[in-house]
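Protein chains in written order, with the numbering used here: chain A, 1 to 506; chain B, 1001 to 1302.
None of these hints come from the bench; they were simulated from the model.
Where is the CB? At the ideal position from N, CA and C, for every residue including glycine.
Check before you lean on any hint, since a few could be wrong.
Unchecked claim - Cβ pair distances, simulated, as ranges:
1. Tyr-142/A with Leu-1012/B: 21 to 31 Å
2. Tyr-142/A with Glu-1056/B: 26 to 36 Å
3. Tyr-1042/B with Pro-121/A: 50 to 60 Å
4. Val-157/A with Thr-1246/B: 50 to 60 Å
5. Val-157/A with Ser-1052/B: 50 to 60 Å
6. Gly-367/A with Gln-1049/B: 53 to 63 Å
7. Lys-1151/B with Val-157/A: 21 to 31 Å
8. Gly-1216/B with Pro-195/A: 36 to 46 Å
9. Gly-367/A with Ile-1291/B: 46 to 56 Å
10. His-172/A with Thr-1246/B: 50 to 60 Å
11. Phe-1048/B with Met-139/A: 42 to 52 Å
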Amino acid sequence: MNGSFRILFNGSAVPFADIPQVDPVPFLQNILDAIDRGRRVVSYFGIPGAAETTLVCVLADKTEGRLGVTRTVTREDRLPTLALLCPQLQLFEREIAEQCGLTFDDHPWFKPVRFHRPFVPGRDAWNRPADVPLKVGVMDYYQVAGDDVHEVAVGPVHAGIIEPGHFRFQCHGEEVFHLEISLGYQHRGVEAGLPGGPHPRTLQQMETVAGDTTIGHGQAYCMVLEALGGIKVPPRAEVLRGIALELERLANHTGDLGAIAGDVGYLPTASFCGRIRGDFLNMTAVLCGSRFGRGLLTPGGTIFDLTADHRDDLLKRLAAARRDLTDAVELLWSTPSVMGRLEGTGAVSREFAVKLSLVGPAARACGVKRDVRLDYPFGIFRMTHLPVATAFHGDVCARTMIRWQEAQKSMDFIEEQLQHLPAGDHRAKAAPCAGRHLAVALTEGWRGEICHVAITDDEGRFARYKIVDPSFHNWQGLAMALRGEQISDFPLCNKSFNLSYCGFDL
Amino acid sequence: MTDIIIHCAVALLLPPLLLGVIGKTKAAFAGRVGAPYLQPYYDLIKLFQKGSVFSETTTWVFRAGPVVTLAATLFAALLVPLGRHGAPVSFSGDMILFAYLFGLSRFFTTIAALDTGSSFEGMGAAREVTFSCLAEPTLFFALITLARMSKSLTLSTILTSVTPAIWLAAGASMLLLVGALFIILLAENCRIPFDDPNTHLELTMIHEVMVLDHSGPAFGMILYGAALKLFVLGAVFVNVALPVATGNTFADWAIFIIAMLGLAVTIGVVESVMARLRLVRVPQLLVGATILSAFAMILVLR
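Between the sequences and the hints, there should be enough to build the whole structure, so can you do that?
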């Protein structure tokens, strides 16, 4: 990255004034050039001011393992779009438009993301009247016309016990030409409520940004506060956090493996994995008393320590769960009817995965070696490197296989860390946040890359806090996976991605 | 006379128990206790005590669907011989009526589904008719083969004339028939690997999606009709696959009921050890079944 970017590392803070401010057009050109050179946009957001809008873009450089930040200020309410050249930016631009009221000219997909009012009243990119209530999901959907083409609308009310989302299929018989996904039903105003923070309750809010990714989001938030406060986390706390993060991954991957088996109607694995997921959740409860890891993390370390008894208990439980999980999952690979169902279904090419900037297991299943734990290591992963599992085909089978391989690596990791738990304190003293700084924290949640960016004001309070959930990158991948597929395979493809609705809707 | 009374009693009362046995078998494979054997009966009683909700966009066709379907299946139950006992109603050529009673019930199920105007139900109806028009030839090939062997066109004679001697004489042909009939049994009754009766995912359903809008007693009729269909086609299968006759009426009835419960366990095992097929693979398996039954016929014709 050249001089127009301020370089920083994962989990560090820089003075906001040090970030080079360039004019809008060179700003966009710099982003384009960086993406051309293989960088990825991990966060891109706007800060609406009185008459102007500040845009901040954080890019990640995998080969150097570092991040770069750049910013611009625009007084115009229009900007040229980059989405046509870089599809990975299309959703970021729509989000900026919705939050800050900027219009991106020639954006191919210029629609609201979450159907909420702009941060600054009156600055609406679509000029929607302020007195008419906004209805989520009401917009122009793409349509395919012609003989034998029909439209199938699914949701937001869902037959299963999952979150609400709306899916529009353009079908030709059973074949899907196009899938459009419209979300926003879970929008709670998380980002709008954060400026002025950190509040005493902010950590609890962060743990529930996506309810199944408590540690992933919680740790990202703690890393931001630690970077802003200059706190050094004790090694023992880093290990405990790493164990909790991997337990979260294990519980969710196990649940997914079971759910994928359930969707193809294969009972044994579905039933066993449902129970084994509970075993992993119970192991998290041994750490902190909550099956979902709530209340374990605090800026500066962890609230709970691990006693020797609990450590032995965890090791015993882990060995039992590993045995059960191995038996349950091996059944999948040895059953031809299951493999026949998974192989070749919902494939995403490597090219699309790179273009759309997919993250997490969905990207690794396409052969894209991308893992925050390895690329921009944080916490304990700076000391211990986990091998990254990748697959080639990008289909449901690959995404299933990746989950199992990652689960194995996570179990190895937890076992090793439990046996070599460093001595010392598990909590450092918290410190107030530095003012006029920008901090970036990336973690690898079980769904993939989580990015938190905080910018503080003069008093060290949040002026802007930006959260990017892995689902934000990956929903478009699901839509692409369905192209040319059978509509009856949608539930299976959806399950193999298993994306978050509330993490996207914020 | 006794046989007719037992026939009616068994045909009316036994079907839901088959579903209970299938459920229990699947639960055993999954390591669960499972619902009681009699759960399907409780479900039916519950449904028949409920009120119904009818969409304003539907017409009489929607209400007629479950009634006609159940009536046609009930009549088919009178045509099929159970065990070694002749059916209460039988005449020459009733095998054609038997096959098309299922056609009639399917027609009304699909047209009731189309009547709702829901895109899901339309998809389900399209799948149902596509797959059933591939499944129908198999049933006919099987019936023709058996008719040729028994030199009769009456369903009772066709199915009761299968004896161990025929199995010894035309074993290859009978084996092919049994294979084809089992595939048809699973396909017609929407079991795994063709359809998953327990799924909640509308987009993957075939039969279940067509009845999403039915509620209360109408839905009860559909569930009962589905159980009855499983029973009737299961009876055809058992007659061909297990031609055991002791000569004692009551012993034969006992053998028949045990065989039906054994069939339910077999279906439960199949559902437990294999996954659903991709929808695009379903026609291939159905055509495979047709080829099996066609070969069976060629072997008999020679």
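A quick look at each hint next to the structure:
Separation of Tyr-142/A from Leu-1012/B is about 53 Å and departs from the stated range, judged on CB atoms against 21 to 31 Å. Checked against the given bound of 26 to 36 Å, the beta carbons of Tyr-142/A and Glu-1056/B, roughly 30 Å apart, stay inside it. As the Cβ distance of Tyr-1042/B to Pro-121/A is approximately 57 Å, the hint placing it in 50 to 60 Å holds. For Val-157/A and Thr-1246/B, the hinted distance range of 50 to 60 Å is satisfied, since their beta carbons lie about 56 Å from each other.
Checked against the given bound of 50 to 60 Å, the beta carbons of Val-157/A and Ser-1052/B, roughly 21 Å apart, lie outside it. At roughly 57 Å, the beta-carbon separation of Gly-367/A and Gln-1049/B lies within the given 53 to 63 Å, and the hint holds. A hinted range of 21 to 31 Å is violated for the C-beta pair Lys-1151/B and Val-157/A, which are about 58 Å apart. Range check, Gly-1216/B to Pro-195/A: about 53 Å between beta-carbon atoms, so the 36 to 46 Å window is missed.
Taking the beta carbon of each, Gly-367/A and Ile-1291/B are about 40 Å apart, not inside 46 to 56 Å as hinted. Between His-172/A and Thr-1246/B, the C-beta spacing of about 57 Å keeps the proposed range 50 to 60 Å intact. At roughly 44 Å, the beta-carbon separation of Phe-1048/B and Met-139/A lies within the given 42 to 52 Å, and the hint holds.
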